[in-house]
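For the record, the sequence lines run as chains G and S.
When we follow the numbering used here, the leftmost residue of the first sequence carries the number 201, and every step to the right adds one.
When we follow the numbering used here, the leftmost residue of the second sequence carries the number 201, and every step to the right adds one.
Calculated from the structure, these hints are not laboratory results.
Only a predicted model underlies this, so the values are computations on that prediction, with no experimental measurement involved.
C-beta: ideal position from N, C-alpha, C; glycine also.
Straight-line C-alpha distance at most 25 Å; calculated BS3-like pairs for lysine-lysine:
1) K323/G with K251/G
2) K349/G with K330/G
3) K330/S with K300/G
4) K323/G with K349/G
5) K323/G with K302/G
6) K349/S with K330/S
7) K330/G with K302/G
8) K323/S with K251/S
9) K241/S with K251/S
10) K323/S with K302/G
11) K300/G with K323/S
12) K302/S with K236/S
13) K323/G with K300/S
14) K302/S with K323/S
15) K302/S with K323/G
16) K330/G with K300/S
17) K330/S with K302/S
18) K284/G with K349/G
19) K302/G with K302/S
20) K302/S with K330/G
21) K251/G with K302/S
22) K302/G with K251/S
23) K330/S with K284/S
24) K330/S with K302/G
For each label pair, taking beta carbons as the anchor points, the in silico distance ranges come out as:
25) T316/S with L376/G: 23 to 33 Å
26) A334/S with R218/G: 36 to 46 Å
27) R370/G with T240/S: 35 to 45 Å
28) K349/G with E253/S: 44 to 54 Å
29) R342/G with D252/S: 42 to 52 Å
30) A232/G with R331/S: 29 to 39 Å
31) T240/G with K241/S: 31 to 41 Å
32) K349/G with V299/S: 27 to 37 Å
33) A295/S with R342/G: 31 to 41 Å
2 protein chains.
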Amino acid sequence: MPLNSDQTRERIVTAAARLFYNEGIRAASVDAIAEKAGVTKKTLYYHFRSKDELIAAYLESRDQPTLDLYARWFDETPGSATDKVRGLFAEFARATDTVKWKGCGFLRTAAELANTPGHPALKAGAAHKKRFEAWLADALARERISNAKAAARSIVVLLDGAASVMLVHRDPAYVLAAGSVAASLVELPRAAAAE
Amino acid sequence: MPLNSDQTRERIVTAAARLFYNEGIRAASVDAIAEKAGVTKKTLYYHFRSKDELIAAYLESRDQPTLDLYARWFDETPGSATDKVRGLFAEFARATDTVKWKGCGFLRTAAELANTPGHPALKAGAAHKKRFEAWLADALARERISNAKAAARSIVVLLDGAASVMLVHRDPAYVLAAGSVAASLVELPRAAAAE
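Using the sequences and the hints, build the whole thing.
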C-alpha cells in the first residue's frame, strides 16, 4: 500500500531527526536523509522547500515528545515539588549518561546555527524552550509553589547548563549538583513546608 | 621581513579561531582559513596535520584569554564574594548582549563534535572547563568562602546554562537570573556575613 502524503512527510522528518541528531545539522546531507527515508530527493523537496525548513521541522517534531517526557518525569516522582524538581534532574542524569545521548538537540542546533539569526529552526527552538519554561512554571504553580515563574526561569537555565556540561564532561555529578540547586529554589507553600 | 615558524603558526590559529567562531567548525573550510591567514594550504598542513588538530589548537588558544577575562571581571567587581559572583554574571550579560557574540566557543564546538568522542578538540574543551572550574573554586577560597568547591561546581553549570539560553533567547534577563542564583550559593565566612 503506497504511503499517503502525511505518512511520507512523517517518514522524512523521522529520518531527518535521526541524522540531524546523530551527526549534526551541517554534517547530515539532504541526500542521506532522502536515502534513509526511502524517498527520492524530488519527493523530499516536494514536502520541504529547503534543508533549512527540514531542520525546523525536525525541532518542531521534538517539541511535544520532549515536553511529554519531562512532564512524565515530574509527575511520576513522588513527594513534594522539591522532590519532583530533584527527580527531574535525577532522571535527566540517568537518561544522558549513555553513549547514545548526544546533547540537547535544540541547544546543539542553536549552536550550529549561531551565525544565521532569524533561521526558522532557531525560531522553532526558541519557541520550544519558551513552551518548556511555561510548562514548568505551570507544573510548579499546580504544586502551589509561590515563586513558580521565577523558579521555573532559573531551573531551565540549570537544566540547559546541565545538558551542556554533560556533553563536555560526561559526568552526571554535574547534573545532580544542578538538581540540588534547582530543588532549593522552590519555595514550598507554608502548610506543606511545616508538615 | 618573513614570518618565523611560530608567527606563522599563530597567524593560522588566529584566522582559524575567527572563522571557526563566526561560522562554525564544520562550516569553516581549511581553504578559507589558509586564505584568511595568508598562507598556502601546504604551509597550513606543515603546522597542523589535520583540521581536527587545528580545531583543538583554536580552543587551546582561547583557554587562557577566557580565564583572564573572567578573573578580571571577578577581581574588578568591588564588594564581597557574593557581589563578585553576581558581577561576573552582570559582565557576562553585557558582553553577550551583542550581535557579534555567537555563544561559548567551547560549548558550540562540543555541540558540533558530539558524534566524535575522543576528538582532540573535545579533550581541549573539557580541559578548559575543568581549569575554569578550578580557577573559580580558588578565587572563592581566596575570599574565604567555606563551600568554595561545591559552589564553583554549581556556578559553572549556571554560567554554561546562561550561555546556552542566551544563544537561544538573546535575553540577558536569563543571565541575570542565573547570577542571582549563583550569588545565593556562596556561603560567606561568618565574620564577613555579620559585618
